[in-house]
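Just so you know, the sequences run in chain order A and B. Counting from -13, one number per residue, gives the positions in the first sequence under the numbering used here. Counting from 17, one number per residue, gives the positions in the second sequence under the numbering used here.
These are calculated hints, taken from the structure and not from any lab test. Given the structure is predicted, the values throughout are model-derived calculations rather than measurements. Note that CB positions come from ideal geometry on N, CA and C, so glycine has one too. One should not assume that every hint holds.
As the list claims (entries may be wrong) - If we take Cβ atoms under 10 Å as the criterion, some of the chain B residues that face chain A in the derived model are: (1) Asp143; (2) Gln183; (3) Gly246.
To be verified - Derived DMTMM-like pairs: lysine to aspartate or glutamate, alpha-carbon spacing no greater than 20 Å straight-line: (4) Lys171/B with Asp204/B; (5) Lys115/A with Glu364/B; (6) Lys247/B with Glu223/B; (7) Lys115/A with Glu324/B; (8) Lys346/B with Asp267/B; (9) Lys286/B with Glu(-6)/A; (10) Lys194/B with Asp253/B; (11) Lys39/A with Glu73/A; (12) Lys115/A with Asp305/B; (13) Lys115/A with Asp89/B; (14) Lys302/B with Asp267/B; (15) Lys220/B with Asp162/B; (16) Lys142/B with Asp162/B; (17) Lys90/B with Asp123/B; (18) Lys85/B with Asp123/B.
As the list claims (entries may be wrong) - Over 10 Å on every C-beta distance to chain B, these chain A residues come out as not near it, computed from the model: (19) Trp(-12); (20) Pro(-5); (21) Leu(-1); (22) Leu6; (23) Ile7; (24) Leu111; (25) Tyr118; (26) Ala150; (27) Thr153; (28) Gly217; (29) Ala223.
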Amino acid sequence: MWNTLVIEPMLNLLLWIYSLIGGNLGLAIILFTILIRLITYPLTASQMKSSQKMQEMQGNEKWKAMQKKYKDDKEKLAQEQMKLYKELGVNPLASCLPTIIQLPILFGLYGALIQAMAATPHQLLGLSKLIYPFINAAQLFPLNNHFLWMNLAQPERLPIFGIAVPTLTILVVITTWLQSKVMTPPSSNPGDQGAQMGKMMNLYMPFMMGMIAYSLASGLAIYFLASNVVGIAQYAAMGKTNWKNLLPSFLISKEKSN
Amino acid sequence: MDKHRSMKISRPLIISFILILTAIFLAGCSGGTLATSWPGLLVDKNTGYLADNTFVYAVNLDNGSLKWKYPPDKGNNKISFFAPPVMTVDGTQLIVGGYDHVLYSLDPNNGTVLWTFPLTGGTGAKDRYIASPLVTAQGIFAPNADGYLYALDLKGNQLWPPFQTPQPLWAQPATDAKCQCLYIASMDHHMYAIDATSGSQIWKSPELGAAVVAAPTIGEDGTIFVGTFGKEMLALDSATGNIKWRLSTTDWVWSSAAQQDGSIFFGDLKGTFYSLTTSGKQNWSKQVDGLIVGTPLVADNLVFFATETGTVYATDYQGNPSWNTTVNGKIYSPVLTNGDTIYVTPSEGDALLVALTTTGTPKWSFVAPK
Chain A
-13 MWNTLVIEPM LNLLLWIYSL IGGNLGLAII LFTILIRLIT YPLTASQMKS
37 SQKMQEMQGN EKWKAMQKKY KDDKEKLAQE QMKLYKELGV NPLASCLPTI
87 IQLPILFGLY GALIQAMAAT PHQLLGLSKL IYPFINAAQL FPLNNHFLWM
137 NLAQPERLPI FGIAVPTLTI LVVITTWLQS KVMTPPSSNP GDQGAQMGKM
187 MNLYMPFMMG MIAYSLASGL AIYFLASNVV GIAQYAAMGK TNWKNLLPSF
237 LISKEKSN
Chain B
17 MDKHRSMKIS RPLIISFILI LTAIFLAGCS GGTLATSWPG LLVDKNTGYL
67 ADNTFVYAVN LDNGSLKWKY PPDKGNNKIS FFAPPVMTVD GTQLIVGGYD
117 HVLYSLDPNN GTVLWTFPLT GGTGAKDRYI ASPLVTAQGI FAPNADGYLY
167 ALDLKGNQLW PPFQTPQPLW AQPATDAKCQ CLYIASMDHH MYAIDATSGS
217 QIWKSPELGA AVVAAPTIGE DGTIFVGTFG KEMLALDSAT GNIKWRLSTT
267 DWVWSSAAQQ DGSIFFGDLK GTFYSLTTSG KQNWSKQVDG LIVGTPLVAD
317 NLVFFATETG TVYATDYQGN PSWNTTVNGK IYSPVLTNGD TIYVTPSEGD
367 ALLVALTTTG TPKWSFVAPK
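Full structure from sequences and hints, please.
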């Protein structure tokens, strides 16, 4: 079921792109990522919209007033917040849902990539069972796993002065951090628990993605990198990027006081 | 805690939880890609040398008992073996390639390491040893997934600089007793003939139309038979590499051909089993219950082959069924024999090695020790 609905279509789409562009797997992954980001654009837009709504709500006078009024009664505060959510038609979980829906895509892509690169006999045999008839597998295989200095089936390391530097991992960490920073709308109440959790996530998400990029096939890291870059571009195109978040906090507060 | 409050803080918590799960799920598969294949067996007199995952086992073929295993204690998850081991001509070294890019020479009597390639401080292969090396009196010729063929003497020293092809080498090379040459099938859609003494290229075949992972079979007249992923069996002229004939099959051909009395036998991934004359005319074909990857065995006036469904078939040379039996697991490896017993090595079954009589009666099975 998982193979039929997720892995097979993704794998065949990737192979189809690969055959169209003349056998460059790295480029095929990047184009595939752009396509996936375009297909999932409604989810991204809805996620942004929900986050925006949440942020706007936190700037609402009623919200601010209730924070003051019930600051010592957390239970009552939560009840009042819930009422306000309902009143304004905000679903506090709405911005989380698109993220959850995108997870099968990530798992599917990982499966499709690993399957496509077929570095072992079992993988190649498995691959032979998943290819749609319109793909000319005989001519395509083996896929050209080399892209720039990378073997896309192996974790990436670039030897610089004799040291194997995980450059792709570094780029994934930086772009994940950038993306999480620029897509976080300014918080009206930086001290609240949600904002604190958001800050924490902005910190450990890049490291988590970096960990994955460091240890897995570099083809997947290319996907992460391309996905982050396209994500930032999408947010920018929507006019939702918050570049100020990239400034150190003391500069932001200085700007506010001016 | 109030349910409303829990909802307020649950969003980042849920996302964090899911991301951690994702990281664990993905990072659990670390080390590049999953290193999996099927067991590889060498039958040498009364000992079977079996490479499967983190161990190489030496099994007493009289009764299926374990003689030794390498490593002797705990397996190392980063080192796995799947290519069938091979024995040097003098019978003093068991050569087995690892997925850790290392070629091991083991003492066949007790499994101790004699040497490894690369030797200490040297450079070696950059990828997995998927296929077995070919061992001749000239040396050890080890194909690697990095696209190079490494030529070594019996101490692990390189005989000549590695011979390069542009794509992975997954097939064991073949040689012809009549020439000092090696025939290598590459995934780059070509076959190569090289001089075994110098490593220089003698010829490169024309484009074969698809990748080749099956070891070439050398016919009695020197013709090279090789199946491809282009759904074909090809015959090449061993003097020039030119294609003599090609015959379409129903699916990819992964299995090497077995030959007997002017016929060759092989199967494809649709589960069609073929008998052809060595001049490319089809004698017969038959559809069986699962895909065929392993090379058939010709012995005792029968042809034995096995399928992914775990069925072992025996037919006569005319394709008339003699018997079939099913073992627990999937069979991708070749069927082997040492006389009156045939051996199959199932994957994902209970036993790693199953011994059957040539009439299909189970004799014993070897289960990997826990």
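For each hint, the structure was consulted:
1. With 10 Å as the threshold, the beta carbon of Asp143/B comes within range of chain A, its nearest partner Cβ sitting at about 8 Å, so the hint holds.
2. Interface hint status for Gln183/B: upheld, as the beta-carbon distance to the closest one in chain A is roughly 5 Å, under 10 Å.
3. For Gly246/B, the interface hint holds, since its Cβ comes within 10 Å of a Cβ in chain A; the closest pair sits about 4 Å apart.
4. Using a Cα cut-off of 20 Å, the hinted pair Lys171/B and Asp204/B is violated, with the two alpha carbons roughly 30 Å apart.
5. A hinted pair counts as satisfied when its Cα atoms are at most 20 Å apart, and Lys115/A with Glu364/B qualifies at roughly 18 Å.
6. Our distance criterion of 20 Å between C-alpha atoms is met by Lys247/B and Glu223/B, whose separation comes to about 14 Å.
7. Pair hint Lys115/A plus Glu324/B holds up; C-alpha atoms about 13 Å apart against a cutoff of 20 Å.
8. Annotation: proposed proximity of Lys346/B to Asp267/B holds, straight-line Cα distance about 19 Å (limit 20 Å).
9. Taken as a hint, the Lys286/B and Glu(-6)/A pair is honoured in the structure, with Cα atoms around 19 Å apart against an allowance of 20 Å.
10. For the suggested pair Lys194/B and Asp253/B, the alpha carbons sit about 14 Å apart, so the restraint of at most 20 Å is met.
11. Distance hint between Lys39/A and Glu73/A is fulfilled; the C-alpha atoms sit about 13 Å from each other, no more than 20 Å.
12. Simply put, Lys115/A and Asp305/B have alpha-carbon atoms about 15 Å apart, close enough for the 20 Å limit, and the pair holds.
13. A threshold of 20 Å between alpha carbons decides the hint, and for Lys115/A with Asp89/B the separation of about 37 Å lies outside it, so the pair is violated.
14. At most 20 Å may separate the alpha-carbon atoms for a hinted pair to count; Lys302/B and Asp267/B meet this at roughly 14 Å.
15. Note on Lys220/B and Asp162/B: the hinted pairing holds, with a Cα-Cα distance of about 19 Å set against a maximum of 20 Å.
16. For the hint pairing Lys142/B with Asp162/B, the CA-to-CA distance comes to about 6 Å; that is within 20 Å, so the pair holds.
17. In summary, the hint linking Lys90/B to Asp123/B is supported, as the alpha carbons are separated by about 19 Å, within the 20 Å threshold.
18. Taking the CA atoms of Lys85/B and Asp123/B, the gap is about 11 Å. The hint holds against a cut of 20 Å.
19. The beta carbon of Trp(-12)/A sits about 13 Å from the closest Cβ of chain B, which is more than 10 Å, so the claim that it is off the interface holds.
20. Even its closest Cβ contact with chain B, about 20 Å, leaves Pro(-5)/A beyond 10 Å, as expected for a residue assigned away from the interface.
21. With a least beta-carbon separation of about 20 Å from chain B, Leu(-1)/A lies farther than 10 Å from that chain, consistent with its non-interface assignment.
22. Remark: the non-interface label on Leu6/A is consistent with the geometry, its nearest Cβ contact in chain B lying 19 Å away (cut-off 10 Å).
23. With a minimum CB-CB distance of about 19 Å to chain B, Ile7/A clears the 10 Å threshold, and the non-interface call stands.
24. Distance to chain B contradicts Leu111/A as a non-interface residue, since its nearest Cβ pair spans about 7 Å, not more than 10 Å.
25. Annotated as non-interface, Tyr118/A keeps its C-beta farther than 10 Å from every C-beta of chain B; the closest such distance is 15 Å.
26. For Ala150/A, the condition that its CB be more than 10 Å from all CB atoms of chain B holds, with the nearest at approximately 13 Å.
27. Against chain B, the non-interface label of Thr153/A holds: every CB pair exceeds 10 Å, the least being about 17 Å.
28. Against the 10 Å criterion, Gly217/A stays outside the reach of chain B, whose nearest CB is about 15 Å from its own CB.
29. Annotated as non-interface, Ala223/A keeps its C-beta farther than 10 Å from every C-beta of chain B; the closest such distance is 24 Å.
In summary, the numbered hints that this structure violates are 4, 13 and 24.
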